[in-house]
Structure formats: C-alpha cells, structure tokens
Amino acid sequence: MRVSPDLPHAYPFRFVETVLEPRNEDFSRGTVRVAVSANGRASAGEAWQSPLLLAEAIAQAALLLEGGDPDVGRTGFLAGIDGFQVERAPRAGEILEVRVRLSARFGAIVKFDGEVFCGSEAVARGSVLVKKGTPASAP
Amino acid sequence: MTKEEMAPRVKDLIVRRLKLEIDPASIQSDAPLFGEGLGLDSIDALELVLGLEQEFGIKVEDEEVGVKAFSSVNALCDFIEQKKTA
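Those protein sequences? They're chains B and S, same order as listed. Remember, our numbering sits 5 above the position in the first sequence when you count from 1. Remember, our numbering sits 189 above the position in the second sequence when you count from 1.
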C-alpha cells in the first residue's frame, strides 16, 4: 500500500484516498481505497444513495491511478457514464475498493471500466468516460 | 462486400452502439455524422471506435484517421474496406 499523490478534488467531493494496487503498464488494472466516513458530507443525507457518487469515485480512481497533479489542476473530468449497475449504496464506516481498467481511448476521451467492492461484495460496476483537459476545452 | 451491402451494417452499428432512437435507414450515407447531420460528438466517436473493433475487427490507430473515417457513412465504409483489404 502506498499513500496516493494528491488530486485537484477536495473534500467533501473527494472519494478516493489510497492506491492499493498501482496501475500496470497497459492499465489493465489498478485499485484504489475509499473510506466511507460517517462524518463526510457524502454520507450525510444519504448522499451515497446517488449512483452518481459511485461513478464519480470510479472516475477519480482512474485519474488518481493515471497520476493527477494538483499544481497543474484538473487533468480530466467525468464526461459520461455507460452501463452502470448499482447493487446497493455504501454505508458509513465501510471501506471500499475501486478496481479500474482503461478499456478504450480516442483523442481526448478515455473510457474506464470500474467495479466497486466492499470486501468480496460487488456494490457497483460500470464504465465512465473521462475527457482529458478542462471542461472549457470540451466540444 | 460492396459499399451498398456494407452501408446498412454500418448504419445499424451506429444506431445500436449509440442507442439512437431513429431508423438506421433514415441515415443518409453521405451526410456528416458529427456536428451537423447526426450531431455526434467525441464521446460518440469513442463508442464507434469500440464498435468497429468489436464488430468488424478493425482498429482506429489515431484521432486524425478516425475523424476522417467518421465523416460520413460512405467514408466509414471506405475505411472498413481499406482496412479489410490491407
């Protein structure tokens, strides 16, 4: 386990913390740890009930594994979600593992397949599309 | 496979992969796919790249080639034919 480099995302809108398994050369896998804090704003008001937070966690995990740079700023943003399935919402106190792999790239758009696990239980899976660059450069 | 035979397959791929709610036959073969015409964007382009790879066994090497190949159904048919015979 190694402590992750930082990301431009700040709490409470940061859902990934530690790289458990760095991505390999072809980015066919990589794993990031997420602690669902009881005090975090994402847990308050059952915000984790929204599947969008799980999709955002996958996108942040992908960016973290690729190597985000807080000095440069955002190097990518969530541009789309595809085939997303959520089994249940995470609960405060749970530790999640987000497993991510890069499945396709075309120009500035990158597709990542992700799975969110709590122990051996799959909580969610699906693909996120990340646009490299800033939202201002989006078509 | 001739272009006339390939065009319906390509139109079907576009509608299916991009989950468009239109009749594939209504896509004009020479109409632009991006911007005007069907109004596809860069996210759709990635989905088409995946579709070509999975359904035709064709890889799109880079964005420049892809942008040219995706300019219309006719251009896409030409690109597939070219890759198949290469």
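Some hints could be false.
Here are the simulated lysine to any residue pairs, SDA-like style, with alpha carbons at most 20 angstroms apart [claimed, not checked]:
| id | chain 1 | residue 1 | chain 2 | residue 2 |
| --- | --- | --- | --- | --- |
| 1 | S | K208 | B | G131 |
| 2 | B | K136 | S | E193 |
| 3 | B | K137 | S | K208 |
Residues from chain B shown here face chain S by an in silico Cβ test under 7 angstroms; the list is partial [claimed, not checked]:
| id | residue |
| --- | --- |
| 4 | G88 |
| 5 | F89 |
| 6 | V91 |
| 7 | I114 |
| 8 | K116 |
These are calculated hints, taken from the structure and not from any lab test. A virtual CB, placed ideally from N, CA and C, is assigned to each residue, including glycine.
Original post:
Which of the listed hints are broken here?
Top reply: 2, 3, 4, 5, 6
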